[in-house]
Amino acid sequence: MLLSLPVLAPEVPAVIEFSPAGERHLRLVLAMSRMGMILDEDLASLRRTRMSANAIRVLIEKGWQRAVSGDYEYKLLSAYARLILPSEDDAQEFISEDGTPLVGVAINAGQPEWMTIGPVFKAIEELHPGLGRKALKVLESPLCHFGMPHTPGGAFELCQQLYWQGEEDETTALEEWGDEADDADIPRRAVMFDGIPEWAYLTHLEGQHPIADEEFHALAVQYAAHPAGKLLSALSRLLTIEAESDLFAPAHDGYGWSNEPPIVCGWDTEQDFDAIFDDNYRYYCESGEEPPWVGCVKFACTEEGIANALPSIRHTGSVLSALDTALNEIRNFQP
Amino acid sequence: MKRSDFEAMVEGVLLDMTTDMVERPIKKEHAKKRGIGGLIYGEAERTVANAVSRLAAANPRINKPLVAPVPELVPPCF
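Protein sequence lines, in the order shown, are assigned to chains A and B.
Mapping to my numbering: the first sequence position 262 is 262, numbers consecutive.
Mapping to my numbering: the second sequence position 78 is 78, numbers consecutive.
Treat the hints as calculated values from the structure; they're not laboratory data.
Note that beta-carbon positions come from the ideal geometry of N, C-alpha and C, so glycine has one too.
It is possible that some hints are incorrect.
Computed spacing ranges between beta-carbons, pair by pair [said to hold, decoys possible]:
hint, chain 1, residue 1, chain 2, residue 2, range
1, B, Asp5, A, Glu270, 54 to 62 Å
2, B, Asp5, A, Asp213, 23 to 31 Å
3, B, Ser4, A, Tyr281, 19 to 27 Å
4, B, Ser4, A, Arg82, 30 to 38 Å
5, A, Gly254, B, Ser4, 55 to 63 Å
Part of the chain B face toward chain A, derived, beta carbon under 8 Å [said to hold, decoys possible]:
hint, residue
6, Arg3
7, Glu7
8, Met9
9, Val10
10, Met17
If you want a taste of the chain A side facing chain B, the calculated C-beta under 7 Å gives, among others [stated by the list, open to error]:
hint, residue
11, Glu23
12, Leu26
13, Leu30
14, Ser33
15, Leu43
16, Leu46
17, Arg50
Could you build the full structure based on these sequences and the hints that come with them?
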């Protein structure tokens with residue numbers, strides 16, 4: 001016997017499958033909607049009778065993509081941001097001191113890119129003494145967020161820490177070996193930095209006046225037509241954006257410095273310092289757990305929380321975007 | 001769906017969540033009575049223990065092992 005089925009009114013009963021979506025998801029999507037981060041067209045296709053957890057996630061994703069993705073799309077960097085919505089109530093990382101549940105936008109470096117940077121920075125230094133050195137410093141500044149910059153200067157500092165007991169070369173370390181110093185397996189500065197100018201890796205150079213930020217901006221304009229002019233302009237912009245605020249996503253409190261280089265630089269070839277960087281990586285791995293992110297902006301799932309977090313998220317993305325542009329200019333340099 | 005409907009729906013679910021948390025009856029954990037070494041006693045063990053307790057109370061100077069009222073159930077303290 002066939003049973004006739006009752007005809008349901010289109011909006012009754014409402015079935016709302018919210019259970020897989022945590023409270024944080026719901027609070028976040030509500031705050032985003034109130035702030036206009038979710039557009040009417042995003043909501044248009046939703047049915048009043050059925051709302052899934054996946055639909056909530058899609059709304060959140062679309063809203064965040066629209067708000068910040070422009071700053072997190074890079075040509076060369078594989079760095080990325082991810083929105084962390086802890087589903088576990090006991091996610092201690094994401095509970096404020098007063099017990100408010102938080103969400104976060106975390107930044108990580110992704111896979112490093114190997115680059116040769118010597119030719120373009122030598123060309124800049126030849127163009128104007130001190131300018132190549134200053135340009136390298138500008139490049140290294142944002143890289144510090146990811147740990148020790150994997151540049152000639154960073155490689156030198158790692159040599160000091162790993163091999164030379166904090167000194168500028170192997171002399172002190174070799175003294176401990178006495179008559180057997182010749183056989184000591186300690187990397188020699190003359191070998192490791194053969195052919196690399198001191199200004200490229202030493203922090204302090206006697207007799208050379210460091211170029212100030214304002215002078216650097218002016219010189220970037222002055223040499224705009226030079227083959228390295230685009231790089232100088234990109235670095236000038238990077239310096240400006242970095243100086244605008246100190247809102248770069250804060251590092252993790254509970255761990256040491258991160259070690260996620262977005263780029264690994266060689267001077268004349270890409271692998272010039274790989275032996276140092278490999279030793280550092282092995283040493284770093286022995287120290288235990290790694291921080292889960294390079295930086296993370298945590299905020300409450302409220303309109304105020306989002307509004308307070310957005311400047312930091314956008315600033316972080318802008319710095320990385322400017323860094324990405326500069327790195328592309330290094331790669332595209334033709335003498 | 002209109003924005004106002006969407007927000008009302010989410011607010012409703014969040015309100016239900018909060019109400020549920022506030023009005024949910026508080027579960028009282030029943031304290032489990034555990035004996036020596038964490039053993040859980042049943043009725044038979046309790047009978048034995050009561051008998052031992054009575055015998056001991058009858059003569060506090062008693063110094064020799066007590067005869068267990070149920071031979072196959074030796075109290076754990078013996």
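Status of each hint after checking the structure:
Taken as a hint, the range 54 to 62 Å holds for the pair aspartate 5 of chain B and glutamate 270 of chain A, whose Cβ atoms sit roughly 57 Å apart. Checking the proposed 23 to 31 Å range against aspartate 5 of chain B and aspartate 213 of chain A shows it is violated: the Cβ atoms sit about 53 Å from each other. Between serine 4 of chain B and tyrosine 281 of chain A the beta carbon distance is about 54 Å. The supplied range of 19 to 27 Å is therefore violated. With their beta carbons about 31 Å apart, serine 4 of chain B and arginine 82 of chain A fall inside the hinted range of 30 to 38 Å.
At about 43 Å, the CB distance of glycine 254 of chain A to serine 4 of chain B disagrees with the hint of 55 to 63 Å. Because the beta carbon of arginine 3 of chain B sits about 6 Å from the nearest beta carbon in chain A, less than 8 Å, this interface hint is met. For glutamate 7 of chain B, the shortest C-beta to C-beta distance to chain A is roughly 6 Å, which falls under 8 Å, so the interface hint holds. Here the hint on methionine 9 of chain B is kept, as its CB sits about 7 Å from the closest CB of chain A, short of 8 Å.
Checking valine 10 of chain B against chain A by beta carbon gives a least distance of about 5 Å; that is within 8 Å, so the hint holds. Evaluation of the methionine 17 of chain B hint against chain A yields a held restraint, the C-beta minimum of about 6 Å falling below 8 Å. Here the hint on glutamate 23 of chain A is kept, as its CB sits about 6 Å from the closest CB of chain B, short of 7 Å. Hint status for leucine 26 of chain A: holds, given a least beta-carbon distance of 5 Å to chain B, under 7 Å.
Interface restraint check: leucine 30 of chain A against chain B, minimum CB-CB distance 5 Å, threshold 7 Å, status holds. At a threshold of 7 Å, the smallest CB-CB gap from serine 33 of chain A to chain B is about 6 Å, leaving the interface hint in force. Interface restraint check for leucine 43 of chain A: the shortest CB-CB distance to chain B comes to about 5 Å, inside 7 Å, so the restraint holds. Residue-level restraint check for leucine 46 of chain A holds (minimum Cβ-Cβ distance to chain B is 4 Å; threshold 7 Å).
At about 10 Å, the closest approach between the beta carbon of arginine 50 of chain A and any beta carbon in chain B exceeds 7 Å, and the interface hint on this residue is violated.
Checked against the numbered hints given earlier, the structure breaks hints 2, 3, 5 and 17 and satisfies all the rest.
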